[in-house]
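Enquirer: Chain by chain, the residues run as shown.
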Amino acid sequence: MEEFRKKNELKRRVLVVDDEIINREILRNIISQDYEVYTAEDGEQALAMLSNSHMNFSLCLLDLLMPKMDGFELLERLKENEKLRRIPVIVLTSEKDAEVKAIRMGAADFITKPYIPEVVIARVERIIELSEGQRIISSTERDHLTNLYTKDFFFTYIRQIEEYQSETAIDAVVLNVDHFNLINECYGRKTGEEVLRNTARLIPEVFNDAIEIVCRAEDSVFYIYCKHHDNYEELSAKLQDLLSKQENSPKVRVSLGVYQNVETSVDVETRYDRARTASKQVEGDYTNQIYYYNDELHKKSIYEERLIGDFDESIANKYFKVFYQPKYDISGNEPRLCSAEALIRWNHPELGMISPGEFVPLFERNGLIQKLDRFVWEEAAAQIKTWKETYGKSIPVSVNVSRIDIYDLKLEERLQSLLGNNGLTANELLLEITESAYADDAKRLVEMVNNLRERGFRIEMDDFGSGYSSLNMLASIPVDILKLDMKFVQNMLKDEKSLKLVKLIMDIAGFLNIPVVAEGVEEENQIKLLKEMGCRIIQGYYFSKPVPPEEFVKFIERETERGN
Amino acid sequence: MITVEKLNEFGADTKDGISRCMGMESLYLKLVGMAPDEKNFDLLKESIEENDLDRAFEAAHALKGVMANLSLTPVSEKVSEITELLRGRTETDYGPLLNEILDLREKLKELCAD
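First to last, the protein sequences are chains U and R. FYI, in my numbering the residues of the first sequence are 1 to 564. FYI, in my numbering the residues of the second sequence are 565 to 678.
Worth flagging that the hints you see were computed from the coordinates, not collected in a lab. Because the structure is a prediction, the values reported are computed rather than measured. Any given hint might turn out to be false.
To be verified - Now the in silico label distances, taken between C-beta atoms and shown as ranges: (1) E269/U x D580/R: 55 to 61 Å; (2) E125/U x D580/R: 19 to 25 Å; (3) H54/U x V568/R: 58 to 64 Å; (4) E125/U x K594/R: 56 to 62 Å.
Don't be surprised by glycine CBs; every beta carbon is placed ideally from N, CA and C.
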């Protein structure tokens, strides 16, 4: 900032207020080298100039004894005004008593007459610097919407408090206004903001501890530092009740994550990470609103932290392995290998094989899945190339494209260059997307799918029927293949409803002329039934579990023999 | 025309005064030239004549600041003296001291007019 000012020769404005022209001119001359100096003859004139918001004065040098409005009165008037209060005032005086009085009234400093130029310059500089620094602090100290502390300052204050009060039992509480995005969507942003302001105002009322501090840490997430409470049911019920009773307020639901009796040796940020982990267990859960951080959760989060910490190294050392599960075309008399699905496995050097169920959801939450997806894409593309070179046969492989990848604007380019690098064509790398991505950002998803299809890629809709499947989605996204969620297949022989649903999906797919892949097929009977319903491609343990590439070659070899 | 020499003769600490004007002699002389017209000389005189010591103190006090800033030592010494007396609202005959101050003002005026 300072450099910017100097470079642009921006001078700060200083107002000199004195009824004595000789004093005014001496002062003006002393500081005009570094500042743009304006003068006023009395308090009234000064007030008018300071109130002019275009002037934006950085400092006022004020004589105390003046006609009309004297310096003391002006100080009083400045103090009353929210905007003018921020302009620092240096009082010009030769009276000892007046100095003390003026400083008590809010003056930042004083300069005595006769002036000593070096002293004047130094004091002016110092006060402007201090007041600007203070202003930066106060503008970052508070959250503008709720006037609560910001997270950084919240943490700083806690550390300060604990230097003096380390004996008291303390809880770290994270409070979340549930479904806040829905409040915004349904009632508008203004209402949403009002809910947050009300929450900010009511938390201190409800908690009402001598040592409680609150901050807004994220959009609808509040951190509370308070004395230990055995339980928070009553507090949260009271808060929720008060919130919903506010004028024009929608029904508000809050969830709490509580880390009780914090160990003060644990640093402040970690305490709130823990409380936040707890709060995430109940976010949006209508049956339970409060979750207390416990040993189990502690172990889980430490385990997850470890997985996250080991991620990069595991990518670099290829502890992640891509396995392949064959897909067979059953339309003829004999099933024929037609493609494969790439599935990630993690062979951790110390923890052994880790199930994707443990790490995929975790990496989906924190975004690492994007890196993992790219790793799989590269491995799979290289594998297709190897098989092609070894067996002269192309085995298309499906790879996963996660929800987060959709936001990668270079996705299309990235995949295209992957093909180029491995000498593949677009129909050799099948792309699986899930329907949940459609719920995130339908517009971008449709755009992406269209771009990829134009480049020749084929798109598979994974887990169809497992989530919020909508016919609307099928109509707006031109997918090439539907993958039937494996639960349907597994239940269709036991449960009439599942069977009917499978039939229905097969009918819809037939109507739209989209082939269906059935996953999770384990038995002969299932194959028979699926074939009758018109399903052509089968994936599942019936043929093989996912296997490492060196084992997968036997399927290719068998297929090559058959072909011969 | 007022000059630094004349002011030195008068007893002013011109070196100090000029340095307060950031070395600008012309500005210093210009401001000194305005000093005899200081309204507070008249205010001081009037209020002492009317025995309004509060007002007299304010005038003296303001005058003291200006004279000190110009380093017009002989004037500011006398003005300081009267300011201190007035601060305590001392009941005394201010006439002689006031006259000395007014004489100095006249002398300064002559120096400027020469």
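Enquirer: None of the hints should be skipped; say for each whether it holds.
Expert: Against the structure, the hints come out as follows:
1. E269/U x D580/R: 55 to 61 Å: Roughly 58 Å apart at Cβ, these two residues keep to the hinted range, so it holds.
2. E125/U x D580/R: 19 to 25 Å: Since E125/U and D580/R have Cβ atoms about 23 Å apart, the given range 19 to 25 Å holds.
3. H54/U x V568/R: 58 to 64 Å: Given about 42 Å between the Cβ atoms, the range is violated.
4. E125/U x K594/R: 56 to 62 Å: Given range 56 to 62 Å: violated, Cβ gap about 27 Å.
Comparing the model with each earlier hint shows violations of hints 3 and 4; every other hint is respected.
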